[in-house]
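As they're listed, the protein sequences go chains A and B.
The opening position of the first sequence corresponds to residue 111 in our numbering, with each subsequent residue numbered one higher.
The opening position of the second sequence corresponds to residue 178 in our numbering, with each subsequent residue numbered one higher.
You may find that some hints are simply not true.
[Claimed, not checked] Listed next, the stretches of chain A that the computed footprint assigns to chain B, with coverage defined by at least 3 CB atoms under 8 angstroms from CB atoms of chain B:
1) 236-249
2) 256-262
3) 266-275
[As the list claims (entries may be wrong)] To be clear about the criterion: a stretch of chain B counts as covered by chain A if any three or more of its residues have a C-beta under 8 angstroms from a C-beta of chain A, and this derived list gives those stretches:
4) 188-202
5) 442-448
Since the hints were derived computationally from the structure, they do not count as laboratory data.
All C-beta atoms, glycine included, are put in the ideal place defined by N, C-alpha and C.
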Amino acid sequence: MTRPGRPSRALAALIGTDPCAAVLRVLQEADAAITATDIKRALQAAGGPPMDKRSWGRLQKRLRVDDHIVVEPGHRYRWVAAPVTPPPADAFEQIARAVSSRVKRAHLEAVRRALGDAPDDVETTARQRQAVLDGVRALAELASEVEELAANQASSRALIHRVRSRVKSSGLEPIERAGDAATFDRRRHEPIGPPIADGAPVIVVRPGYAWRTPREDVLVARAAVQE
Amino acid sequence: MFAARRPSVGLDFGTSTTLVASTRGVVPIGNDTTFPWMPSLVGYAEDGTVVAGEKAQFVPDGQLVRSIKRLITEQREFVRVDLPTGVKDVRVDDLVVELLREAGRRGARGGRDVGAGKLVRLGCPAMWDGRQRRRLLGAAQRADLPVVLATMVDEPVAAGIAWLAHQSTDPGHPQRILVFDMGGGTLDIAVLDVRGANRRDVSVLAALGVPEAGDALDEAIAADLDDELIKVGIDIDALAKPDRARVRLRDEARRAKEQLSVDEEHPITLSPQVFGRAGEIWYTRERLSEAFQPQMERAEDAVGMALRIARITEFVESAFDIARTPIEELVEGVDVVLLSGGMCRIPYVRQRMEWMFGSSTLVEPAMDAPENAVAVGLAKAGEYGKINMYRPAFDVLLEWDRGREFRTVYEAFTPLVGRTQIARGGDDLRYCRDGRELSLPRTGRGRLRVVSHSGERLRATLAGRRLDGFPVALSDEKFEFSIYPDGRIRLTDGAGAFDGRIEDWHRLDAA
Chain A
111 MTRPGRPSRA
121 LAALIGTDPC
131 AAVLRVLQEA
141 DAAITATDIK
151 RALQAAGGPP
161 MDKRSWGRLQ
171 KRLRVDDHIV
181 VEPGHRYRWV
191 AAPVTPPPAD
201 AFEQIARAVS
211 SRVKRAHLEA
221 VRRALGDAPD
231 DVETTARQRQ
241 AVLDGVRALA
251 ELASEVEELA
261 ANQASSRALI
271 HRVRSRVKSS
281 GLEPIERAGD
291 AATFDRRRHE
301 PIGPPIADGA
311 PVIVVRPGYA
321 WRTPREDVLV
331 ARAAVQE
Chain B
178 MFAARRPSVG
188 LDFGTSTTLV
198 ASTRGVVPIG
208 NDTTFPWMPS
218 LVGYAEDGTV
228 VAGEKAQFVP
238 DGQLVRSIKR
248 LITEQREFVR
258 VDLPTGVKDV
268 RVDDLVVELL
278 REAGRRGARG
288 GRDVGAGKLV
298 RLGCPAMWDG
308 RQRRRLLGAA
318 QRADLPVVLA
328 TMVDEPVAAG
338 IAWLAHQSTD
348 PGHPQRILVF
358 DMGGGTLDIA
368 VLDVRGANRR
378 DVSVLAALGV
388 PEAGDALDEA
398 IAADLDDELI
408 KVGIDIDALA
418 KPDRARVRLR
428 DEARRAKEQL
438 SVDEEHPITL
448 SPQVFGRAGE
458 IWYTRERLSE
468 AFQPQMERAE
478 DAVGMALRIA
488 RITEFVESAF
498 DIARTPIEEL
508 VEGVDVVLLS
518 GGMCRIPYVR
528 QRMEWMFGSS
538 TLVEPAMDAP
548 ENAVAVGLAK
558 AGEYGKINMY
568 RPAFDVLLEW
578 DRGREFRTVY
588 EAFTPLVGRT
598 QIARGGDDLR
608 YCRDGRELSL
618 PRTGRGRLRV
628 VSHSGERLRA
638 TLAGRRLDGF
648 PVALSDEKFE
658 FSIYPDGRIR
668 LTDGAGAFDG
678 RIEDWHRLDA
688 A
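Bound-form chain B, shown alone (with noise of 0.2 angstroms):
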């Protein structure tokens, strides 16, 4: 399953900001500012255009539209803005194809044409289902950018990518890679196995992500400030204007933890104007510490689950074993945490996950400006074999009286299993759609058929046949199609019950 090996562009589209990248680094591609990157900002000027970018900075803010990637995660599609013209739903996707033209128009400015022609990669959060990736394609594709789902890449793989291209050594033997991505608004953590010598092939495990992030953190500082100002006599809600008061205070917050990440200690001047006298807190890293220790002990559960979804593809086990099997076993096969995104410049995030995996794994930034790793991950990705095994990058059809009528069996990027399924401790993994469920006829003949979107053929047979194409003799009742973890495939139908795997998965067992 390896994707073209070509020059190629990443397009790093953050809930945050946006960024390009050749396979030497980023482009800049910051317009009116000092920073290499785009704010994910769009919205509407007073006469009605939309604008992205640093200009739309400067529309009213109910015409502007933050974090407009999150909207596709919250799978939303209009999103409401107040036109002077009055207000109106607007199709979030629309705003998406406007933000990333003017990224695509950018980078051709740095260096980086982005045309017909080029290939570009797009980065997409692992969690996305096949209706999430479609869309950004969709309005990728719009914004006149060269993308195939094929070039689309799981964030955490191309920031796994970007620490792979730096190893000058190869290890002689599979890897196992946790990419933990904490960003301004979410954290995405990665299950990863690489394998092979001269050309490595990255496979996802498991994937999943959390929506709470540095802005959490930000909230959390903010809070413990106001706790030190009510010691030093200072009640937020008491001064003339609280609001403008607590605005302040989540700028100081999210001032300190930057600094933190550098320094000891920060001290924090209060502005007369603002809290009604002059004054000063030392905040602490150890306080920044301990004010992010709860969400960093949600985050190690997050990271729990994803290694226990990982350990579904590795060995035939029921979830009940897997929900139980202890943290401490669940770390050992790790062999690098890989930090990505701007949070994990904090020491703290770094701390907890040596502890959390102990002195044998190695723990390190996947590059050393974290938040460009999935830019630059996805301009290399060319050079590096990947597969979802969590997610698989195919669907299954059914086709019958001669294609005129079909069901989607398996959807591409469906998660085999849910996390519910681990948590619930069942003893049958797998992904599973039976007659019933695709209102199939009673009787009659059809044929599978597989569409591959890694821009590779899928390689897996059934009853030692190839399953695109495998005959099936339809029955409401008896058709069941499964899909495990490991990597097997088993069909019922009104003829029998077959047995089959993808060939492609590989048998991590026998690593």
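With the rest of the complex left out, here is chain A (with noise of 0.2 angstroms):
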């Protein structure tokens, strides 16, 4: 920052003119956030008078609004070449409190949820990439074990039992059980071959797969069934 003793000839000759860019200068200068004791000084270092309550409040006011400006904790003021972009929803949160007396809450919830869900943003994107990895993992988790099952001359009970118990961590209840004997259900099993008349006994060749959240039910799969 400018140092006290040796004042900026053109911070000097900003002062008297415009004092929000003097302030503005001496915070480029100091090229760290600083307080506003800090800024006071330094103008006073620079010949500027004394600067009282009402006059900072003034400058204060339009010191948070610039683009050039970042007002971090402990009410340090920092400047910034480059004017920080907020994502979107923190931009919206920003202005939600300057306006929010002035706003029915309704709007405001409303905008709210829009960007929410609003899909162009870097992080949505990161998640929506998190939630395709989250479902590879789980499936390459699943034949991992498998392997190492066989490997292990495990059981067909353990194999099967395992299985199940990996897809229900993910939500995925079993349809069925292969080689079980039913009576067909349309709503639950597809048939392999030729239409099945709903109540005819039925083998089952594949399980079934519904997913289960606290939101919905999800018919992934039915089970395949043949007579």
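Hey, can you piece these two chains together into the complex? The hints should help.
Okay, structure coming up:
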């Protein structure tokens, strides 16, 4: 920052004509986050008059909305070369705080929800990628588990139990069990070959799966059956 | 004592994993893996460069530092690493800097810039004292993260906030919440009070940590499996490579622990190459609960102690009475028990808490994914006021000789009352420093000064005047300064005795 005793001439000239530009110059030269006291000292060292509370209050308002100024914890001000562009959700929260007493809460909530659902920011993209990765990881873990069980000469009972337990962790619930006898139910069964009448005896070829979440149940696959 | 209400980024520097979150949820920071978190690993590559996160998994064991956060808890300054150039003691904080810097970089890549102008809320164990907090803070600042003491949040408070943020209705009365946060390495317990309708304030009444959690259960299950192997005729000690078998058993124990969270039984299949022959052990949830029982009993003792500590902020009661209060009475006032940390996926944890607290207390996970609760709560912490009544976030200094001389009368985050004080059952529960301990001059004039680390000015008075700036008649014999857990303050000096209180302390007994 501008050191006492060595005031910048440009700064001295600015103080009288444009105090806000002078403060910005102080912050730019400081190259660090500094407090209001530091700023006032620097201005005085450059030949400016002591700043009263009212003048500082006016300047403070302008500083807070300047694109090149960020206010850090502890009421410290920092000049940044590239204007900080916050994520849309953060920008909205700042606007919401400024106008909250003049806008209906429901309106703010509507925009907040819309921003939360907005698919085009980096964070959402990262989260979407993560969701895909979670699925891929679950599949890879299942594959490696099956191979390990085969190498350990696991019984079919152990193998089926472990597979079902593994997919249960992801919210998947089996529909029927391979090899079991059942009566045909079109909502749960997928016939292999010609259509089957409801209630007809069938053999389960492959189990199906349903994905259960607190919000919804999704039929992932019906059990494959044959008459 | 409200912290700044700004959109922020939460950084959960955990013992095993590090997570970054925004108010919208966890921001994936995993690298070259499918996990959303970064392992809290740091080490030295062959060329001597420091590597953090997943890359550290591939450095030789001697060059790797695991659970580095625990080294701060243990107050260790250095850690020994075996580098290609020889054995070297490395500063723990330097390695923490690298880890945090890497997490910050990855957070930015995930859309959460944590550079200048942003606000990062960093979690820390509620049991950490001022020195430990400042160490992490210093490391975070060196890693260019915009953090100050005021934006450090106790981890259990963050878990509580994650839960509060999902509560759609205001209960209309203050809530007492116990956070049971069991991770891989530590169990953190905190007792919180939540009050206020539009803006809720979270007060920490008690917080303590126990260095026994998931790892200990893995050991217990592995020991159980060892017994099972003997029953089927396999003696690990008699195997060609018993160490290899034990490592495998430990891995099977961890997997059984995870799978038994969703299932009643879990078949463990034995590798013929490792155990000499194939075989299966059907391990049940019941067996796991039996293996877990001694550890959970110790955890419940810790819960009881946390509730006793919380009690001292409530009434002016002697430690003798508190130590002898039946546990049934202590659990009565708790409205909610929040489960946080990966271990809380185990049904037995919830079951034990339900048994302990009874049907009038709600026991539930802080979040659907309890391992994310701290990170998400940190990101949302700006919406809540926070005060740590057990380890207050302010220093009280005594200055004289125009500020050239000073003593720290109370250092921020020092517990007001020690666990042993309660266990012993003394009748003088308070934090106290006297003139002799502080090596004060015999006479002279001084002044108290208060430095708040919460981001807000502390409102405290003594004899009707502000505590900050209160004049003191110095005396090495008569000076005594006390803070009581219920917020009362007392100063005795060369001029007399003065009583006051911390105004921000809510009167719990008046609720």
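Each hint tested on the structure:
Check result for the stretch 236-249 of chain A against chain B: holds, 8 residues qualifying (beta carbon to beta carbon below 8 angstroms, three or more required). As drawn, the stretch 256-262 of chain A meets chain B at 4 residues by the rule of a beta-carbon pair under 8 angstroms; at three or more, the given contact holds. Counting residues of the stretch 266-275 of chain A whose beta carbon lies closer than 8 angstroms to any beta carbon of chain B gives 5, which meets the minimum of three for the stated coverage. Closer than 8 angstroms: that is the beta-carbon criterion, and the stretch 188-202 of chain B has 4 residues meeting it against chain A, so the requirement of 3 holds.
Under the rule that three or more residues need a Cβ within less than 8 angstroms of chain A, the assignment of the stretch 442-448 of chain B holds, with 6 such residues.
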